[in-house]
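Participant: Chains as they are written, first to last, in this note's numbering: chain A, 939 to 1443; chain B, 323 to 623; chain C, 59 to 304.
For the record, the hints were derived by calculation from the structure and aren't laboratory data. Beta carbons: idealized from backbone N, C-alpha and C, even for Gly. Be aware that one or more of the hints could be misleading.
Straight line, CA to CA, 20 Å or less: simulated EDC-like cross-link-like pairs of lysine to aspartate or glutamate [said to hold, decoys possible]:
(1) C:K241 <-> A:E1360
(2) C:K241 <-> A:E971
(3) C:K241 <-> A:E1365
(4) A:K1000 <-> C:E229
(5) A:K1000 <-> B:E595
(6) A:K1000 <-> B:D418
(7) A:K1000 <-> A:D1010
(8) C:K241 <-> A:E1369
(9) A:K1374 <-> A:E1360
(10) A:K1000 <-> B:E600
(11) A:K1000 <-> B:D503
(12) C:K241 <-> A:D1009
Computed beta-carbon distance windows for the label pairs [stated by the list, open to error]:
(13) B:N597 <-> A:F1368: 45 to 55 Å
(14) A:A1139 <-> B:N597: 23 to 33 Å
(15) A:A1139 <-> B:R373: 42 to 52 Å
(16) B:D574 <-> A:D1147: 45 to 55 Å
(17) B:R511 <-> A:S1095: 16 to 26 Å
(18) C:P226 <-> B:A366: 51 to 61 Å
(19) A:D983 <-> B:A366: 43 to 53 Å
(20) C:T155 <-> B:R373: 24 to 34 Å
Computed, partial: chain C to chain A, Cβ under 8 Å [as the list claims (entries may be wrong)]:
(21) G71
(22) G108
(23) R110
(24) G235
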Amino acid sequence: MKTPTPTPASASALTFLGMPTAPRGVGALRGDEPFPQAARRALADTQLRRNIANATGTIRRKRAAVVGELDDWAELRAAGAAVKDDVLAHLDQYLCQLEEQVTARGGTVHWARDANEANAIVTGLVRATGAQEVVKVKSMATQEIGLNEALAEAGISAWETDLAELIVQLGEDRPSHILVPAIHRNRAEIREIFLRRMGAAGGVPASPDLTDSPAALAEAARGHLRERFLRTRVAISGANFAVAETGTLAVVESEGNGRMCLTLPETLITVMGLEKIVPTWRDLEIFLQLLPRSSTGERMNPYTSFWTGITPGDGPREFHLVLLDNGRTATLADPAGRAALRCIRCSACLNVCPVYERTGGHAYGSIYPGPIGAVLSPQLTGVADNPSLPYASTLCGACLEACPVAIDIPSMLVHLRGRTVEQAGHEHPFERGVMKTAAWMMASPRRWSAALRMARLGRFLGRRRGRITLLPPPLAAWTTSRDLPLPPAETFRERWARRTEGGDR
Amino acid sequence: MRTWRRRGAGAGAPSAGPAAPSAGPTGPTGPTGPSAGPTIAARAEVLARVRTALGDRPEPAPVSRDYRLAGQGSASLPAGSARGAAVQVLVDRLLDYHALVRQVSVGGSGSGSAEPPGVAGAVAAALADRGVRRLVRPAGLPAPWLAGLAELAGQAGPAGQAGPAGQAGPAGQSEGVELLDDDAPLSVRDLDAADGVITGCVLAIAETGTIVLDGGPGQGRRALTLIPDYHLVVVREDQIVASVADAIAHLDGAGATRPLTWISGPSATSDIELNRVEGVHGPRTLEVIVVSAAVGQEPAA
Amino acid sequence: MRVALLVTCLVDGMFPDVGQATVAVLERLGHQVEVPLAQTCCGQMHINTGYRRDALRLVRRTVAAFEGYEAVVAPSGSCVGSVRHQYAGLAAARGDTGLAAAATDLAARTFELSEFLVNVLGVTDVGAHYPHRVTYHPTCHSLRMLGVGEAPLRLLRAVRGIQLEELPAAESCCGFGGTFALKNPDTSTAMLTDKIRGILDTRAEIITAGDSSCLMHIGGGLSRLRAGVRPVHLAEILASEPAKVA
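Just need the whole structure built from these sequences, with the hints factored in.
Facilitator: Below is the structure:
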């Protein structure tokens, strides 16, 4: 940058000094429209539904096979949950311990209250190196804070190097899955994006005779990024785990792009959510079994890198760790919701979710989609900002079953629905009226019996066909795709009263 | 372009909340990057928020480690498994990842320090099959491993140690292999121009088919095993542990703070329709020579 | 055993035959069944839609209505799930420790029909006769919240004359989800469509399940398609006898 200008991202940094409670997170955590509307558009895209159903079906089978191999999975899962609960219960101590260890081993720790502050810190660090481009390892935290956009506004190009992130970046698209952000794209679409965009993006262009075989596509990505890896001086990563007792960070990956970013540049900047800590090195024996098997359905992912501060002669000479709050402390404050911070971002819950399988990730608005997104995003932003997400589930429970750290997502969704009604219920006055009236009627057997007699009038709605095919609001949505049987001529309690002549009790 | 509604995030967009000047921009104030002031304020505030959030003083259940601990084997390799079982599980996992595997069985020479000639033969054969001409050699690599190379043209000092030792190379091994030593660090361009790298390891995990490098003797710094497209690893049977818990226990203490790389097969991706494809940015070919002691012999130390 | 029937509001108002069938099965096994008419609705819909304060009135009423019975049985996995897994927590969160204790007590006595028959009474053959081609959908709350496991299938396998067909992707949710069906009608319908495809693939005449709510959703979709497959609650199959079959 020849003419440094004030960083707009930092100039607009939100601060909440003096606020009594932890503030809500900012960044890519909200959509433009409520889930039901966004889902409707996604559902109309049959190609998308096929792509996602194929991919999630594949990964479900692989996960089930490798999880089934371990005879102590239940014990590992319980231990994983307990370790994370311990981290959350003593988060302040572990954060200080981590900071101390990283600093002692030559790293620098930064604290960011929210997305804007984190972006400003990273932008400042990159500028200080004089670099105008950075390579990035796939990181949910930097997606969450919109770091690439903030860097672009500061004139710094950020290149995603994970294959799926590259597909998303080249396609000017949005991630739709935690593990595989381009899960909504099939091989033919990926080939088309590579042919069209690789040259324009400044890297090595794709060969015109590129085929759509996954091996050829992976090869094209290798060619496109290789030179960039070898020359770039600054890398930005997330972290899967940070060990408080040693200051060790871990990144779990497959392609080697992570190793490239963590090893070759002179400066490494890692942005990490506060909750990524594990207390001891030994705790990794749990998570390094839970994560790969739940995530990619492998016994172990191809590459895991661990680094502790700076190692002279091996890897970056400068290491910065940015600890990100951005709504995490607000999440921590809810005893019935804080377990969402156990999440290790494996995405097993997405892969088993029947709603996610139909709608894909974009419908959730937030970069955290699927069941975990439906409990995490509204907590990071405050439920008033994401009021439709807690309802984006049938509460079928498949997510809880798959979660390697046993987050009770269904119960948490129900809890967040309660918070939504209590904090943002005014947005649905009609529903509120119906629910309150129903509760009033049902609170008395006499009123309830009367209501059922009234409902019998519904028999007229379908008297010609013997079934009801069109209901008035608020039940009209039912009959868009479903009939309703006629109410019976006699309710159960009427029959029973007749049988027992005068009723029972 | 991304179309999220990013409340207050990102520049240009007016911020949705008040920008309090006290905590102000954390932008650069000099060549060293952000000033310390805001980050100290941020640190204090984040920690205060955490403590406020934990006002209910949660007391989670203690961690009960009743899963298989270090020393208790694994589902595929129960404690007390027969000798050699670990090798078989490791090989099975490596093949599943589409790594290349050569198994060498060596008799004890009676001398614990001498590397068995079987390894040298396997190394030579592997390099010949691969057609490696320029091989990166990390410091501390046991010299006898390269004793099977017919002809060497290493420029660096200790190359002579790995010179022809009299054994005939395998058929087809007629051309020399140039050894690239990292004593004066090789540049990324040098590494990119190499055909492969040979290393040992600190340990290997049978259950998951994982090879662990810690930058110790015979392994080199991390870039050496990353940039060349072919990585040949020698694993001795006595380096194989059963489980992830065993590996973590071995590395606990000083080992944990070394730069560690855990490698499970060649580089791969599942990003296209969630199908695994080998070969992206890391070495596209991983070849492993697993060295067992012959029956009745202890593995070479 | 003195057994109380938690009939559920949906069965009471819409599917009285299911309630009658549940009573018939229990009586056939020699149990005295009572129906406390003080019951109305368990409050599950209110809880799961977020109306906790309103739900609490219904929780209180339900807990009181079933006080003193040895066993409470319902032809619904999701209502039992609510009693067993949501009541006490809801009461405790509202600071009503007395209600929470009473709810915990009720939770231990409340059973879904199939788990009551198989796991509590130890019965799998209830003497039913049902000469039809049937496929079974394990509803999510029975399957994952209660963990009824194989109980419904063991009961069905013991039914004489039945031809049981395995449902493909049986454990996938049908898309009902209570108010989900109204709040997210498009996603709900997409899930229903796949469930119906699986049902039609079995060529069954009858789709059965342990929850009238899910069956109302599935049956409503089948009816709209004029598919000719009828939804029949598990209790109705178990209650059927040779004499009643035409």
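Participant: All hints are to be evaluated individually against the structure, with a verdict given for each.
Facilitator: These are the hints, each one checked on the structure:
1. C:K241 <-> A:E1360: holds (18 Å)
2. C:K241 <-> A:E971: Given that 20 Å is the threshold and the Cα spacing comes to 14 Å, the pair holds.
3. C:K241 <-> A:E1365: holds (14 Å)
4. A:K1000 <-> C:E229: Status holds; Cα separation ~18 Å.
5. A:K1000 <-> B:E595: holds (13 Å)
6. A:K1000 <-> B:D418: holds (13 Å)
7. A:K1000 <-> A:D1010: holds (18 Å)
8. C:K241 <-> A:E1369: holds (10 Å)
9. A:K1374 <-> A:E1360: holds (13 Å)
10. A:K1000 <-> B:E600: holds (17 Å)
11. A:K1000 <-> B:D503: violated (41 Å)
12. C:K241 <-> A:D1009: Distance ~41 Å between C:K241 and A:D1009 Cα, so the pair is violated.
13. B:N597 <-> A:F1368: 45 to 55 Å: With a Cβ separation near 47 Å, B:N597 and A:F1368 satisfy 45 to 55 Å, so the hint holds.
14. A:A1139 <-> B:N597: 23 to 33 Å: holds (25 Å)
15. A:A1139 <-> B:R373: 42 to 52 Å: holds (45 Å)
16. B:D574 <-> A:D1147: 45 to 55 Å: holds (51 Å)
17. B:R511 <-> A:S1095: 16 to 26 Å: This hint holds: roughly 22 Å between Cβ atoms.
18. C:P226 <-> B:A366: 51 to 61 Å: holds (58 Å)
19. A:D983 <-> B:A366: 43 to 53 Å: holds (48 Å)
20. C:T155 <-> B:R373: 24 to 34 Å: The hinted range 24 to 34 Å holds for C:T155 and B:R373, with Cβ atoms some 28 Å apart.
21. G71: holds (5 Å)
22. G108: holds (3 Å)
23. R110: Hint on C:R110: holds, closest Cβ of chain A at ~5 Å, below 8 Å.
24. G235: holds (3 Å)
Taken one by one, the earlier hints fail for this structure at numbers 11 and 12, listed in ascending order.
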